[in-house]
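Q: Just so we're aligned, residue 1 is where the sequence shown starts under this note's numbering, counting upward by one.
You may find that some hints are simply not true.
Once the Cα atoms are required to be at most 27 Å apart in a straight line, the calculated BS3-like pairs of lysine-lysine come out as [stated by the list, open to error]:
no.	residue 1	residue 2
1	Lys398	Lys527
2	Lys559	Lys592
3	Lys199	Lys408
4	Lys398	Lys444
5	Lys500	Lys398
6	Lys372	Lys697
7	Lys444	Lys474
8	Lys134	Lys162
9	Lys586	Lys545
10	Lys505	Lys213
11	Lys545	Lys559
12	Lys559	Lys505
13	Lys592	Lys533
14	Lys533	Lys545
15	Lys372	Lys199
16	Lys278	Lys199
17	Lys586	Lys372
18	Lys586	Lys559
19	Lys505	Lys398
20	Lys505	Lys408
21	Lys505	Lys527
22	Lys533	Lys586
23	Lys210	Lys398
24	Lys213	Lys372
25	Lys278	Lys210
26	Lys559	Lys533
27	Lys444	Lys473
28	Lys372	Lys505
29	Lys408	Lys473
30	Lys444	Lys213
31	Lys398	Lys199
32	Lys278	Lys213
33	Lys592	Lys545
34	Lys210	Lys586
Hints in this document: simulated from the structure, not taken from any laboratory.
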Amino acid sequence: MQGNIVSDTEGRLRLRFRPQELGPAAFEGLGAALMRSGEVKYVSYSRITGSLLVFYESGEGRRKFVLDTILSFDAGSPVPVSCFEDKTLEIGEEAPMPVNPIYGALLRWIFLPRPVRIVWEAVLAIPYIIGGLKSLFWENSLDVELLDAAALSVCYARMDFKSASALIFFYDLSEYLEDWTKRKSMASLFHSLKGQEEKVWVRTENGTRKQVKESELEIGSDVVILAGGLIPVDGIVGEGEAMVNQATMTGEPLPVRMVSGGAVFAGTTVEEGEIVVKATKVGRNTRINSIIEYIKESEASKSGLQGRVERLADSIVPFNFLLMLVTFLVTRDLAKAGNALLVHYSCVIRLSTPVVVLSAMKEGNESGFLIKGGRYLEEVAEADTCVFDKTGTITEAKPHVSEIITFKDNSGNGYTREEALTLAACLEEHFPHPVGRAVVNQAKAEGLSHEEELHTKVNYVVAHGISSTVDGKKVVLGSRHFVLEDEAVPVSPEADEVTKRVAEKGDSMIYLAVGGTLAAIIVISDKIRFRAKETILELRDQGIKRAVMLTGDLASTAKTISDRIGFDEFRAQLLPDDKAAYVSEKAAEGAKIMMVGDGLNDSAALSLARVGVALSDGSALARDVSNVQLMNGRLDALPVARLLSERAMRRTRENYWLIVTLNTLYLFLGFMGITSAGVTSLAHNATTVYVALRATKPFLAPSEGLPPLEDNAA
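Turn these sequences into a full structure, and let the hints guide you.
A: Structure follows, in structure tokens:
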């Protein structure tokens, strides 16, 4: 693969390739090849500008390795560079629109004599003629560019300069309207996304932690990222150790171990561990760039329906040439034959379908959910099975400690209620989980101090619990499976009775064991999310055949919640791998699964589902791997998202048949000689404008949106 070096400094290379030569799949392969060496710290690529940026460990040998890897990489068949390249502008830039072709046409007609105007317009036709020749001889393709070139060629062959002038005007106007419509749709989506801002944890000069807005970060800030957290800045790890998922940057699914001195980048995720990052690049730039790439990827993520109608439209192009030949053989009239080249289906379909997707994404964002591309619009619309995590998804993720039951050991010793809560809070404060926050907040509310000196190193076992050492004794805190089964802590009949009583109420439990003995059970109560039951009922009305709840809780607790909400099925005492296995099993049976979750332990299942849905108040990793995000923790946004998705897919189909019907009518009228070339071209382009504007119309009525939160009686 060939590229030009545009910047070459110690440890940093920037190369320029022909735009779009390196596609998403190819870049993932190249990025993975570079990152696997351990000598490359960071790779990024802009398909907008064709710019590849590589940061690597200093040294001449490493520079040679980078260049050799890039040069030897096979990106597949290169995309030919257009003879007339246009600068592609980034979304969000306040870029001037191209000159409206109406102004140019008026100026030519008013100020240029007819002979000069004919020559001028012949020059304007050259790019279209070259584009058609390139399609025919370079790309061996019968496409829209060839149709346009052939239509102009027929006009000039007949010395019909008036029709040629009209065609050039309508071609320019069509391109202008396409550019304007897509740019307005994408810019509108960009600005609606830009307003969302996350909060992050930073360490202050006196060593305490506080939460600030992402926009308040400065170069040099010490940003604290815990397990499950999204890294918001580019920077250097100052303290700690973590496994960082860099799939968004390199395409590699396996996490990379990061220790002090390692470079991390915005948009990657901490799967395990905790690190403090000294920020070297902050501000809106990193976020804006990620939004730009996200929108570009979303536009490229076509639905199956969109791909099918585009391929069908392209397949009709040869029919235009066949119709032209038949018309000429029957009528011997080149003018009537040329009419067959003035109407094509592909251009307007390729314009209207992305606009439908972008408009639906924008409206969804304004309605309380974010859908990451056309493919997921279709997946949401076609899902027939909806699988929900329980804790933090069906429940509000605002749990509180409702009860603490302590137990004595065989010698009659044990912890008091306050001691058990203090010890649990001391361990839980290290990890950002709703249940952990509930324990910490309860200790604060009771004025209990949980000092760092109480324990040594704290280990977090994902989806299980926490272990540490206090006064030489092993302390474990977590689920029943972790404490009583994995750690083999014996349970007394008294503890069994407590477990049954709490499970009947539908509450969750945290088990605390010290030195191999059960010390306490902390009962966690959590409200059902606002309109959770109504959400299931509405999804059923929309065609969801089966609603399932998965949880790590006891079967009795799960049954209580399942009966209250109205699920068709529930599975209890599941580990993350069990949830993922369930999704895979049902998918293999033919179910079109929409998985809804919020936590680190849901990420695998979210990735395996046809469409993964995460709540915005859940873990960063869950949001990152999901295809849909429900904003503001509104579970009842899910039926609205499905309704919008169904409407978007329906409009795509309606636009397709509208385009096919009207343009076929124009072809027939031209074939019969009822309309002239100018009228046919005018009608075709008017249809293009109408369908494009129709694609931007709202999908939902105001009454079909989310009800106000004030109605929450939870």
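Q: Now tell me, hint by hint, if it's right for this structure.
A: Outcome of the hint check:
no., hint, in the structure
1, Lys398 to Lys527, "8 Å, holds"
2, Lys559 to Lys592, "24 Å, holds"
3, Lys199 to Lys408, "42 Å, violated"
4, Lys398 to Lys444, "16 Å, holds"
5, Lys500 to Lys398, "23 Å, holds"
6, Lys372 to Lys697, "20 Å, holds"
7, Lys444 to Lys474, "24 Å, holds"
8, Lys134 to Lys162, "26 Å, holds"
9, Lys586 to Lys545, "13 Å, holds"
10, Lys505 to Lys213, "38 Å, violated"
11, Lys545 to Lys559, "20 Å, holds"
12, Lys559 to Lys505, "10 Å, holds"
13, Lys592 to Lys533, "22 Å, holds"
14, Lys533 to Lys545, "15 Å, holds"
15, Lys372 to Lys199, "22 Å, holds"
16, Lys278 to Lys199, "17 Å, holds"
17, Lys586 to Lys372, "24 Å, holds"
18, Lys586 to Lys559, "21 Å, holds"
19, Lys505 to Lys398, "17 Å, holds"
20, Lys505 to Lys408, "25 Å, holds"
21, Lys505 to Lys527, "12 Å, holds"
22, Lys533 to Lys586, "23 Å, holds"
23, Lys210 to Lys398, "20 Å, holds"
24, Lys213 to Lys372, "24 Å, holds"
25, Lys278 to Lys210, "15 Å, holds"
26, Lys559 to Lys533, "15 Å, holds"
27, Lys444 to Lys473, "25 Å, holds"
28, Lys372 to Lys505, "38 Å, violated"
29, Lys408 to Lys473, "16 Å, holds"
30, Lys444 to Lys213, "24 Å, holds"
31, Lys398 to Lys199, "18 Å, holds"
32, Lys278 to Lys213, "16 Å, holds"
33, Lys592 to Lys545, "10 Å, holds"
34, Lys210 to Lys586, "43 Å, violated"
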